[in-house]
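Top to bottom, those sequences are chains U and W. Just so we're aligned, residue 1092 is where the first sequence starts under this note's numbering, counting upward by one. Just so we're aligned, residue 422 is where the second sequence starts under this note's numbering, counting upward by one.
Since the hints were derived computationally from the structure, they do not count as laboratory data. Hints may contain errors.
Looking from chain U toward chain W, a few residues come up when the C-beta cut is under 8 Å (computed) [to be verified]:
no.	residue
1	1140
2	1141
3	1164
4	1165
5	1167
6	1172
7	1199
If you want the ones that stay clear, here's a sample from chain W, every Cβ over 10 Å from chain U, calculated [unchecked claim]:
no.	residue
8	474
9	536
10	543
11	619
12	696
13	778
14	815
Please read all numbers here as calculations on a predicted model, not as lab measurements. Glycine included, C-beta positions come from ideal geometry on N, C-alpha and C.
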Amino acid sequence: MMIIASYSIKGGVGKTALSVNLSYALSEAGQRTLLIDLDPQGAAEFYFRVSSAEKFRMNDTRTLWGGLLRNVRETDFSGLDIIPSNLAYRHFDIALDSMEKRRKQLRRVLEKFSEDYDTIVLDCPPNITLLSENVFRASDMILVPVIPTILSQRTLEQLDSFFRDEELPVERLRPFFSMVQKRNNMHRDTISELSASFPQFLKTTIPFSADVEKMGLRRMPLLAYSRACDAAQAYRALCNEIIALQETVS
Amino acid sequence: MEPQRNCADWLVLPPGLSPECLGDGWDVARQRRTVAIFTFHDTFEWGLWFSGYTLYSTGDEYVLQTHVNGWPGAVKCTERGVGRRFWHDFSTDAMRSYLREPLGLRGLTAVATGRFSTQLCELRNDMGKIVCRVEWNTVAEEPGGVEILVWCRVLPLRGYAREAAQVTERLASIGAAPSSAGPIALLLRHAHQEPRVYTLKPTFDLSFETPAREAVGRIISTILSIADSNIHGIISDLDTEFLHDYRICLRKTRSLLGLVKDVYPAGETCRVRKQLGDLARATNRLRDLDVYLLARQDLLEGLPDSLHQGLTQIFAEFSSEREVEQRRVGTQLHGRATARKLRVLRESFSSPSTHEASSAALLPVGPLVFRGIYRRYRKIRKIGKDISIDTADEMLHQLRIECKKLRYLMEFFNELIPAKEGLLLQKQLRRLQGRLGDFNDSSVQQRFLLDWWHKGRSGIDAALAMGGLLALLHQRRHQARLLVDEVLQEFIGDDVATTFKRIFRRPAVMSENNSPKDRPQ
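Kindly produce the complete structure, drawing on both the sequences and the hints.
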């Protein structure tokens, strides 16, 4: 089982759009996929028309696992389940902090899903907390959407430094360009510069698209209602690139 | 039809109900409806049904599926093609391997055709989220279109168990309920093709004290009914087992009449036995040819490749002759005379009073038959003791006939014999009969071949093959002869003799011991 995180310190870069569409594309490719919405805002679950998760205790790994398991919801799409978010997730850090081996507990809990799923996708909130650190240690691949702007460049550099300082597996960081506008010179220059300094950038770029924004109206993954648009094709290409990487890693 | 997980998952619905009956709780969206016409196939003995399978063809595809009480189960294998009758007509290894045992020598025949429709319905909540799915199915007769059954299955989504329970509850409130008989069972019932157990060894509800004529009459009318049920299969030439079973029924009836003396007037017994003999004799040639043609592969494997061409010629001639012979037998059986003859015989044995009085008619059947069994065994023992490796074939032939008579008696009156010991004795008897049968078959086949050849056949390839066949059969006959002695000595040995004596010599004592608790439940 592979665990893939969709993460960025910065908000509004397309993390949830990535989580939702990547999960959909993975399930369409035949992988039994579980999307876990770790962001208390609960945007991912909104796109799947799923209600918030029921509250549950997080005293230890057993109760955390039991709570997550109880909240698995089958989506309308074959092979794709979701664990919706809950405002209580804002206490995730406190809960993890009270456990032994507090930086590695999430992996231990998620491993228990390995019989049911081929891939778990984590939609993460935009911050660096103990939960984020658990996500970094739990994930086989951390996808970082990067809008090709100076500010995004800065946050990627911050994340890279954090990984190196905390001796986290920096090779698992897989940034990719998101919301790219081809005609924007600054975007073109930033892509060129960042690709040179971060060789682990994925090849696929996700274009800026109004179709993606309509997900909020349609309340379903872009790939489910607009399969042929540029952004949909890009998400599918990104999924294929990730599957190829999964095979290399495994 | 999707594989089922459990019969209890299926709910039978009142006729005419549609998925919109759930519309007051959820938005119902029907997915694409699939409709297919399935023709189910099985053998005369329902070999597939009773092995837990159904085989249907749809378009140019055969599908083998498991079933529980006519509820469709998992698909085991599929194969493209049409017009398959025997297991070896199928081409894929998987299909052949599944069908070989349940079909045996039996041919498939279409038993019912139905129009099956399946439609998946999605139930959405206020947010537009699918919270439950329901598979909606119907089966209707084809042609005709009369709906036979509507049934559904609630398919819960993970995390939405409460909604699934609400859907089930709603369906129950409008009449949905589990049912033991599934759509295939109902389709068969509708087509008047309900699977029934077919056996050549039925029970007759006899007791030790049943008057002999009543008991024998009950047995004979039952066996003749079985013979009758095979006639349509012989006429339409569905498979060779129809003729085989028909002949066994005639032979058993004839044999029984000869074994229970004085139960019917001697003249009548003699007349009926002759009639039965005539009916059987009329099919002798066809059966001989069947036996040869069924052994074709075995004989081909027994001869070198160089003789296969000649052997193929011989079999081609057998095959042509069989076609002619089958038509002749079919026409004869189809005719009124044979049907009337069998009907009159069956009816006359259904009522004991239709015959003149005779000395043993009212005697209790138990002691009469047990004495007969014991006498038969002693005769076999006497013949057996005189048999050595040099004994003439005639003696072995006589031994085989006596064994057959004993076997029939023990089978007919099996209900009266203590179960455990009866089974053991019959098992030993069957082993001896098997060895004697092998020996006899190879002798008879040699004679058949020689007769056939002497009727003016020619051709060097055929002559060579004939020589090869005769040598092969001679060798088999010799081997079979050597194998007879071992089982014969066991069967006539002191242990078996003591058991026969204990059970059958004093039938009055056995009568007391033959309580129901001795019988298998």
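Here is what the structure says about each hint:
1. 1140: holds (4 Å)
2. 1141: It holds, given that the least Cβ distance between residue 1141 of chain U and chain W is near 6 Å, below 8 Å.
3. 1164: Holds, about 4 Å.
4. 1165: Holds, because the Cβ-Cβ distance from residue 1165 of chain U to chain W comes to roughly 4 Å (cut-off 8 Å).
5. 1167: This hint holds: residue 1167 of chain U lies near chain W, its Cβ roughly 4 Å from the closest one there, short of 8 Å.
6. 1172: Hint holds; residue 1172 of chain U Cβ to chain W Cβ min 6 Å, cut 8 Å.
7. 1199: Violated - the Cβ of residue 1199 of chain U stays beyond 8 Å from chain W, reaching only about 22 Å at its closest.
8. 474: holds (29 Å)
9. 536: holds (28 Å)
10. 543: Given that some Cβ of chain U is not farther than 10 Å from that of residue 543 of chain W, nearest at about 8 Å, it is violated.
11. 619: Its Cβ never comes within 10 Å of chain U, the nearest being 45 Å, so this holds.
12. 696: With a cut-off of 10 Å, residue 696 of chain W remains clear of chain U, as the shortest Cβ separation is near 69 Å.
13. 778: Residue 778 of chain W is indeed farther than 10 Å from all Cβ atoms of chain U, at 79 Å.
14. 815: holds (72 Å)
In summary, the structure is inconsistent with hints 7, 10 from the numbered list given earlier, while agreeing with the others.
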